[in-house]
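Build the full structure now, drawing on both the sequences and the hints.
Protein chains in written order, with this note's numbering: chain A, 1 to 313; chain B, 1 to 313; chain C, 1 to 313; chain D, 1 to 313.
Errors might be hidden in some of the hints.
Since the list can't tell identical chains apart, any single copy or any two copies may satisfy a pair.
[Said to hold, decoys possible] Derived pair list, reagent style PhoX-like, types lysine-lysine, alpha-carbon separation capped at 25 angstroms:
#1 Lys160 / Lys303
#2 Lys186 / Lys238
#3 Lys303 / Lys186
#4 Lys186 / Lys296
To be clear, the hints were calculated from the coordinates, so they are not data collected in a lab.
There are 4 protein chains.
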Amino acid sequence: MIDLMKTPLSGIVPPLVTPLVDNETVDVPSLERLIEHLIAGGVHGLFVLGTTGEEQSLSFSVREQMIRESCRINNGRLPILVCITETSIVEAVNLANIAKECGADGLVSAPPYYFATGQPELAQFYEELVPQLPLPVFLYNMPSHVKVNFAPETVARLAKMKQVVGLKDSSANGVYFQSVMYEARKVNPDFMMFCGPEEMTGECVMMGANGGVNGGANMFPELYVAMYNAAKEKDVEKLVELQSIIMQISRTIYTIGRHGSSYLKGLKCACQQLGVIDDDFVASPFYKFDKPERDKVTIALAKLNMEHGKLKL
Amino acid sequence: MIDLMKTPLSGIVPPLVTPLVDNETVDVPSLERLIEHLIAGGVHGLFVLGTTGEEQSLSFSVREQMIRESCRINNGRLPILVCITETSIVEAVNLANIAKECGADGLVSAPPYYFATGQPELAQFYEELVPQLPLPVFLYNMPSHVKVNFAPETVARLAKMKQVVGLKDSSANGVYFQSVMYEARKVNPDFMMFCGPEEMTGECVMMGANGGVNGGANMFPELYVAMYNAAKEKDVEKLVELQSIIMQISRTIYTIGRHGSSYLKGLKCACQQLGVIDDDFVASPFYKFDKPERDKVTIALAKLNMEHGKLKL
Amino acid sequence: MIDLMKTPLSGIVPPLVTPLVDNETVDVPSLERLIEHLIAGGVHGLFVLGTTGEEQSLSFSVREQMIRESCRINNGRLPILVCITETSIVEAVNLANIAKECGADGLVSAPPYYFATGQPELAQFYEELVPQLPLPVFLYNMPSHVKVNFAPETVARLAKMKQVVGLKDSSANGVYFQSVMYEARKVNPDFMMFCGPEEMTGECVMMGANGGVNGGANMFPELYVAMYNAAKEKDVEKLVELQSIIMQISRTIYTIGRHGSSYLKGLKCACQQLGVIDDDFVASPFYKFDKPERDKVTIALAKLNMEHGKLKL
Amino acid sequence: MIDLMKTPLSGIVPPLVTPLVDNETVDVPSLERLIEHLIAGGVHGLFVLGTTGEEQSLSFSVREQMIRESCRINNGRLPILVCITETSIVEAVNLANIAKECGADGLVSAPPYYFATGQPELAQFYEELVPQLPLPVFLYNMPSHVKVNFAPETVARLAKMKQVVGLKDSSANGVYFQSVMYEARKVNPDFMMFCGPEEMTGECVMMGANGGVNGGANMFPELYVAMYNAAKEKDVEKLVELQSIIMQISRTIYTIGRHGSSYLKGLKCACQQLGVIDDDFVASPFYKFDKPERDKVTIALAKLNMEHGKLKL
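Right under this line is the structure:
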């Protein structure tokens, strides 16, 4: 275990897809394979039960199973962050206590996502929640799903709590990212900034972010680690070269379906086709791709493989 | 118990506020007083754990307590509907089974509210969920909180399932309400239509809706029952007269705060001041009004009382 | 000419479709036929250059032509309202002066629709604009196109200006409509309220609104006039009967295309097929229906004709 | 004049604020001072009548005056782009012809902003508009004001027209920016990408963008040119250092007011206080800052000056 209040975390922290047998059962052998795949690929941490991990679609029993099994498999090799996003403050604390008990290193929390809070309400909520949590916590900005942004001023206010160690931003808004980084680090120079979307992680890291919580790393961890390293070393040419592969993945694997679920279904389907997980069962209210979409994933993967080899860079 | 697949429900079915001691405890004596107040006021059914009941902010244990205690107190006197809106299909079914076991008559379900579904995904979700439910179910349209509308075509598709007996619409969109009523009743002429916002329930009932799920009935059940009766009897003059009182309530009690939470906080604070519940504790992430807002509620109630008597019409 | 500050207007005031030869030319013979059709159908006023009239897609020259020709053809038989919605206050005043010069009776103005104003900015804008206008003005609430709502408090503030005689609401939000009517009439009991969407005009009139600005009246003026009369006379049964025809029109003619433009394209195509206008040219950035969609309009009209006769009720 | 279809444009192309005496009059002496200030500051082009230039709030006469005077003053020293965004295709062509006649080098066009188009309608609109334009054109993505995004697929489709030479993106969405750059450059490797928000221009240029259309350059052209140069030269350390000044400007000058107009009012007020323009009159529906806000601008500028000198870097 690392103490995130003292040792900052940097690098690629993939949001694990949740391998499922059905809506009530984690596919543990696939989870083992996935975690070994990620560790072998050089990632710097693990993020369990994020949006990519379908937290909200999972029952509490499955959420608990994911936390327990992930911590057990990882066995202290990498820092583990657990998402405790919940509409009920009581259940959020319950999840946090399970995470602590299992040996997780940190928590991640997006705002309550049914009622939309005003900014003062949002700040007050976290000022109530955080002291009840047994671990350091990252704020999680995810306005497309949550309806509410953490305003930069709110982040700065919350960053005054030592236990609030960073923010993961999935808004894709570059101005927002820069604004939060600027305001929060005035309060705490070590405030950690992680970028969700892999399509803009490289540039964010060059500008000072700590790393990326990139779903694509479930498929190709080496690629995203290489991207992080290039950015970290300010090797812009290398970064731009890797970026074109990352964009090819984004524009082929993640844009197949018709709905907002394209990213999740495409990613999970590709993980299955790559042998990382056995089945790409997606929890309700989503459903895995049918044959025509699966075929497009196959073609996209074949093209990636042909053009870029095994993406072990 | 009534069989909602055979006997349609009509009238005022208030969405009960949830009387709380704190985030983990239902205030049972207040719940008893509230239910007696509603039954004495002539309402036609009870709706537990709706948005007004703060379902999403409550722990599972508190949700279960609300279901059990409400059914116990009601003791079969009125039909009871229980809201099972959840992002996890498994937990939705769990809540439904508790409701059935406690003797509830029907369920109410809004779409999953973290991931936004496309319409085919939404239909497929309900085609998976509904057969697992032990009771008839109302769809619950709540786009401001859920991000997703039930398209009229989707409602028509789902209305083909006998177990889907109606829809409660809280969109406030009059064109949407008419469109759903028109399309769904082509499929099932008995499809029940309930209007959430009390400000437009009267007109909807005149046009053929079954009734209203009106939060204001927690305060003044007689008023909303009188409004329903006037609409039902096509007494337009009486309706317009009552409407002006309903609008006065809406424009004074529900518009005090600065955020989207004004309605809930104002309603709960007024219920406390009227003696219906002991405390207006609001579950996190909201917090009950402070003194300046409470004083405005007091003044608004005094003005209502002065101008319209005890609102026992 | 009527003085709208003294004589309230009530009834059906259709938003005229703009018959076009191309993007630069009004089809004047069709406009003549349209206006005669509407007057013969018993409507109570004419509304030129509204959203249904594609104001924003028209050049200034075409807008002026529409104002001049409509006033000339009408020749004082009905009150004429002209929409002056513009992002530039100077051009809005220019349009208003043309309207006045041509003999129009009133103006209609939606908020500037490029920059989104806050409510105080919006109020200030109208306090600057209105005194420059040579005619009484209706506010026009159209949030889907304009991004900004007139808050009920803002309407109440603006209703203090004698020249602001009413509001046309196209939000379809029933709570909003009731709230504005309640607040504005506390300031000015004669404040006129018009409902845009025909699907909810009947109920609004019963509750006290002055009438409807209903696009469908371009096709079937008698139907909407009959709906208005039934609502005005509080004949709920008649109203509900007519409502089912109005809903059939809405759900067949207006829902054919894939985009937000379905209503406009469907309406204009139906007007052409009914012989009201010669061509259903739609100004850029929209384009009239192709054959498959045209055929659906034909079938919908045939079904309406078969089931309800000529819709001259 | 440069031929933008042959010679790509790169660098800082400031969107000029429009110096106004009132809603109907350009302040020409201030415009002269502004343009000399920008040219002296080393910017690479001029962008007239953008959102920062309040195009939509200006009368046609003022728009024409701005085009004429800007071209006259510039006198061929820098490439000039003119924004022709309009809801009427006819008026857009009219503006384009004026721009051509005055000697502008290129056009910029955001989608029609009253009616929201679907993507096929949007593509069709540009396929109709572009051939009527006398100059090369940049697409302008501005979803917050226009309601509609150019989907990456739509940009790729339009990039097939030789006359469509690039896109200016003001969405602030980093994933979108990368996606458009990736898709459009597969069609045309010279497709120019400009970033609107200055807070993320540096990183975009490092990743391959051509430059920035940064409002802040009206105040401090040297700063933004230095940022561009650092990014162009892949000098990440220098860039990060300049970025902190850019963020200080953004978080102090642009965040003073309460509404979406804060950026425009703050920028224009600062330009006035810096002596770049004589008055910061803002066209209706906005209004320049009052004393309390002006004082905050004064303090922010003093702090910038104290900490960073004259920002001539």
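Q) Okay, which hints does this one fail, numbers in order? A) Every hint satisfied by this model.
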